[in-house]
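Residues per chain are reported as follows:
Number of protein chains: 2
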Amino acid sequence: MTILEELDLPAERVLTDPDVTSSLAHDEAEWAPAGRPLAVVRAITPEEVQAVVRACFAHSVPVVARGAGTGLSGGANAVDGCVVLALDRMDRVLEIDPLERLAVVQPGVVNDDLRAAVAEEGLWYPPDPASSPWSTIGGNVATNAGGLCCVKYGVTRDYVLGLQVVTGTGELVRLGRRTAKGVAGYDLAGLMVGSEGTLGIVTEVTVKLRPLPPPAITVAGYFSSIVDAGEAVAASAAAGLTPAALELVDKHCLEAVDDWRNMGLSVEAEVVLLARLDEPGAAGERAAARMVECFEGAGATFAVQSTDEAESEALFAARRLAYPALERLGPVLTEDVCVPKAQVPEMLARIERTAQRHSITIANIAHAGDGNLHPLLIVDHGDEAARARAQRAFDQIVADALALGGTVTGEHGVGLLKKPGLTAELGPAVLDLHRSVKHALDPRGILNPGKIF
Amino acid sequence: MTILEELDLPAERVLTDPDVTSSLAHDEAEWAPAGRPLAVVRAITPEEVQAVVRACFAHSVPVVARGAGTGLSGGANAVDGCVVLALDRMDRVLEIDPLERLAVVQPGVVNDDLRAAVAEEGLWYPPDPASSPWSTIGGNVATNAGGLCCVKYGVTRDYVLGLQVVTGTGELVRLGRRTAKGVAGYDLAGLMVGSEGTLGIVTEVTVKLRPLPPPAITVAGYFSSIVDAGEAVAASAAAGLTPAALELVDKHCLEAVDDWRNMGLSVEAEVVLLARLDEPGAAGERAAARMVECFEGAGATFAVQSTDEAESEALFAARRLAYPALERLGPVLTEDVCVPKAQVPEMLARIERTAQRHSITIANIAHAGDGNLHPLLIVDHGDEAARARAQRAFDQIVADALALGGTVTGEHGVGLLKKPGLTAELGPAVLDLHRSVKHALDPRGILNPGKIF
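Those sequence lines, one after another, are chains A and B. With UniProt numbering as the guide, the letters of the first sequence map in order to residues 1 to 453. With UniProt numbering as the guide, the letters of the second sequence map in order to residues 1 to 453.
There may be inaccurate statements among the hints.
[What the hints assert, rightly or not] Below, in silico cross-link-like pairs of lysine to aspartate or glutamate (EDC-like), each with a Cα-Cα straight-line distance of 16 Å or less:
1) B:Lys-208 - B:Asp-158
2) A:Lys-208 - B:Asp-158
3) B:Lys-208 - A:Asp-158
[To be verified] Short, incomplete list of chain B residues facing chain A, as computed with Cβ under 10 Å:
4) Glu-100
5) Val-104
6) Asn-144
7) Arg-177
8) Val-183
9) Tyr-186
10) Ala-237
11) Gly-406
12) Val-430
13) Arg-435
Treat the hints as calculated values from the structure; they're not laboratory data. Here the structure is a predicted model, which is why all the values come from computation and not from measurement. Quick reminder that beta carbons are idealized off the backbone N, C-alpha and C, glycines included.
With these hints in hand, go ahead and build the complete structure from the sequences.
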């Protein structure tokens with residue numbers, strides 16, 4: 001009996017037509033290789049997920065979980081002969097508890113949908129990856145997704161209270177808690193966050209919520225050099241400011257957004273910094289004025305604060321659209337290094353030099369306020385020589401981030417693209433610990449094999 | 001060659017006189033059994049810690065790490081024939097970086113000393129267990145310590161960026177990061193936090209810092225019944241308030257503090273609730289007024305707000321002194337359950353009934369705002385019958401907390417006292433995952449064996 005027969009799932013849950021399954025066999029990391037799955041199972045209950053993992057455990061068949069497939073590191077890419085577990089149909093918000101400030105959701109709930117559902121109760125789920133209109137909470141948990149506001153409000157990890165998980169041996173277990181605090185045993189829920197489907201498959205998520213944030217003041221700064229913008233970021237950190245967002249968008253990105261959506265945003269500046277300050281009342285005014293000073297002190301050609309919600313939203317919308325807009329222009333190799341804030345100017349300077357040295361177009365968006373940079377390496381379709389140069393530039397950027405005390409991935413995860421970088425960052429002893437933990441929770445190595453390390 | 005000879009450490013580092021070692025063989029959990037150590041090693045460098053663990057690994061000798069010994073669950077209690085690794089002399093603050101908002105400290109740094117050191121830079125390390133004048137950061141990490149302000153600002157876990165750790169095989173490794181964000185590999189630093197010395201021994205801690213908090217308004221509420229006070233807690237959560245502290249202290253505790261320190265705090269009330277509201281400006285005023293309304297609505301006999309720093313400090317100092325004051329009266333069996341906020345009144349009512357049913361004095365302090373209750377079971381010295389009743393009351397409280405959707409330990413850790421509770425809370429499948437992870441990182445089972453599970 002084959003594994004597919006053994007599964008005994010309703011036929012509509014199991015997809016095997018290669019034309020269909022191939023589209024569900026990779027994420028948005030265009031440069032990462034993807035294998036050919038045996039089948040895609042679109043599960044709708046935790047028990048179905050468990051049945052799939054149990055069958056795969058019995059037959060030592062790999063299982064690769066996926067949500068919306070918006071990942072940028074190849075973490076959800078199929079391996080040959082695997083079962084892809086698509087969780088996008090497990091998309092119900094199961095509970096919102098305003099008093100305990102928590103929500104319980106299935107992994108396929110889209111980030112923005114959760115955000116909208118809890119807003120009706122005056123509550124807020126802060127982690128806001130730029131992919132929030134499409135990406136799912138399950139995927140956000142798998143990669144420990146960050147976003148724009150995490151510079152002040154934290155990442156997915158900081159909002160996961162509890163998980164229901166299917167382990168590598170097919171056990172369906174609850175990890176974590178529903179209470180505000182708890183130290184009962186090891187933090188296995190936390191360990192699952194960011195483990196990219198290699199330690200367990202998440203079938204339910206209990207998230208912490210906050211009250212809706214106060215209204216914010218937006219400060220926009222226009223710079224004629226990216227290094228000046230980096231200096232402004234370091235200056236704002238040195239000034240002790242705590243922005244609720246501090247984003248960098250360069251001209252490549254603004255032009256791509258304009259070309260696509262005609263938003264009229266391209267400006268006579270190389271780089272724009274967008275900050276949000278959300279301290280209430282006079283404190284917010286003071287912080288915004290201080291941010292303008294930091295921008296001007298670092299050489300901004302123009303810096304202005306605005307409380308116009310529509311204008312601010314347009315600027316931040318452009319930021320969010322930068323990645324899909326650039327993707328239209330050719331295969332994008334996305335970087336995700338994160339460096340200490342003081343090193344942001346130096347890292348941006350090195351990226352600029354790397355672009356010149358390797359004759360590669362590198363656009364830049366960045367969660368600049370926490371040193372998380374996304375240089376985007378753009379190559380024409382079919383230009384293999386440029387592709388080779390881009391790979392060398394990518395490797396140089398990773399090496400530079402490590403040399404400056406940074407990490408190879410701030411929020412996208414290791415997946416396939418950052419495996420060599422991870423080895424360089426962690427070293428052999430810590431990698432051995434990873435292997436031990438992996439083996440402990442997935443003894444047959446069936447969960448998303450070949451990813452991370 | 002014995003393990004002690006093999007260690008080849010300076011003689012003053014190694015204590016073997018049983019009169020001396022016995023005082024370092026237990027924490028403050030008076031009810032938890034402690035074994036007799038082979039020796040206590042007072043290490044002063046990470047390399048010495050590594051040398052001890054390597055020798056213990058080679059000989060399969062248990063290693064029990066300890067900081068100040070202020071734990072309340074027996075987590076640092078010696079087992080027979082172990083080496084106790086005392087880390088209190090590794091007490092240097094190695095680095096404070098105001099721009100990156102982080103500090104690097106040795107594990108033996110006392111919590112209040114770190115707090116004072118970073119305050120000079122205008123920065124704040126929020127986790128503030130009531131033991132903060134004595135407990136060490138290493139111990140705080142081992143138990144994932146909470147405290148008063150964590151209802152708004154989070155627990156130790158939320159402030160640990162990176163760790164240097166000696167593993168169960170004697171490797172000295174760095175886990176985590178120094179950057180604001182990072183998802184490079186599994187969150188092994190997070191896994192270490194709260195693992196009570198069973199997965200690794202922490203030799204250095206990199207903590208995240210915040211700007212100093214704004215001035216706060218204190219609201220005090222006086223209640224004639226503990227259940228009314230619990231209703232006030234639930235009402236403040238339902239009102240959407242986010243206090244920076246919300247503490248409950250009952251009359252037993254206030255009287256004990258007065259008897260000891262003559263602070264004149266005993267009042268004509270059964271219970272006092274202390275809240276701090278630290279939203280800046282008018283928002284803080286509104287929140288404080290709303291808190292007064294919540295207290296009054298739940299039946300407070302008196303509720304008042306105060307911006308008098310000295311008066312507020314006296315009230316919170318009394319809260320912090322409650323535990324040592326009660327300890328003077330007899331052996332205290334300390335509870336640490338945490339329940340959903342809505343269940344605080346019901347849990348407090350059940351504790352009251354349990355005290356009556358088992359004829360036991362139960363004093364109450366609580367981080368009420370996050371549902372973390374510390375019923376303190378007090379027994380006269382030498383009264384074995386009362387001791388047996390107290391143990392039954394303790395078991396009943398644990399069972400009630402689980403029945404109400406809570407956890408057996410909010411911040412003290414499992415240690416020895418909560419092992420049966422943990423088994424009930426997690427169930428066999430999740431306990432098996434714990435055993436697998438433990439075995440992965442400590443294959444010979446030498447690190448603090450017999451604790452947690």
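#### Entry: Interface hint status, Ala-237 of chain B versus chain A (Cβ within 10 Å)
Interface hint status for Ala-237 of chain B: holds (5 Å vs cutoff 10 Å).
### Query
Is it true that the CA of Lys-208 of chain B sits at most 16 Å from the CA of Asp-158 of chain B?
The hint holds at about 8 Å.
### Query
If you take the shortest Cβ to Cβ gap from Glu-100 of chain B to chain A, is it below 10 Å?
holds (5 Å)
### Message
Would the hint on Arg-435 of chain B be counted as holding, given a Cβ-Cβ threshold of 10 Å to chain A?
### Response
Where the cut-off is 10 Å and the nearest Cβ of chain A is about 9 Å from Arg-435 of chain B, the hint holds.
### Task
Take a quick look at whether Lys-208 of chain A and Asp-158 of chain B sit within 16 Å of each other, Cα to Cα.
With Cα atoms ~14 Å apart, Lys-208 of chain A and Asp-158 of chain B stay inside 16 Å; holds.
### Query
Does the nearest C-beta of chain A fall within a distance shorter than 10 Å of the C-beta of Gly-406 of chain B?
Gly-406 of chain B check passes; min Cβ-Cβ to chain A is 6 Å, inside 10 Å.
### Query
Does Val-104 of chain B pass the interface hint, meaning its C-beta sits closer than 10 Å to a C-beta of chain A?
violated (12 Å)
### Query
Do the alpha carbons of Lys-208 of chain B and Asp-158 of chain A lie within 16 Å of each other, as the hint requires?
With Cα atoms ~14 Å apart, Lys-208 of chain B and Asp-158 of chain A stay inside 16 Å; holds.
### Query
Hint check: is the beta carbon of Val-430 of chain B less than 10 Å from a beta carbon of chain A?
Val-430 of chain B check passes; min Cβ-Cβ to chain A is 5 Å, inside 10 Å.
### Message
Less than 10 Å between beta-carbons is the criterion; does Asn-144 of chain B satisfy it with respect to chain A?
### Response
Constraint on Asn-144 of chain B satisfied, holds at 5 Å.
### Message
Let's test the interface hint: is any C-beta of chain A closer than 10 Å to that of Val-183 of chain B?
### Response
Where the cut-off is 10 Å and the nearest Cβ of chain A is about 5 Å from Val-183 of chain B, the hint holds.
### Closest C-beta approach of Tyr-186 of chain B to chain A relative to 10 Å, hint status
For Tyr-186 of chain B, the interface hint holds, since the closest Cβ of chain A sits about 6 Å away, which is under 10 Å.
Consistency note: the structure conflicts with earlier hint 5 alone.
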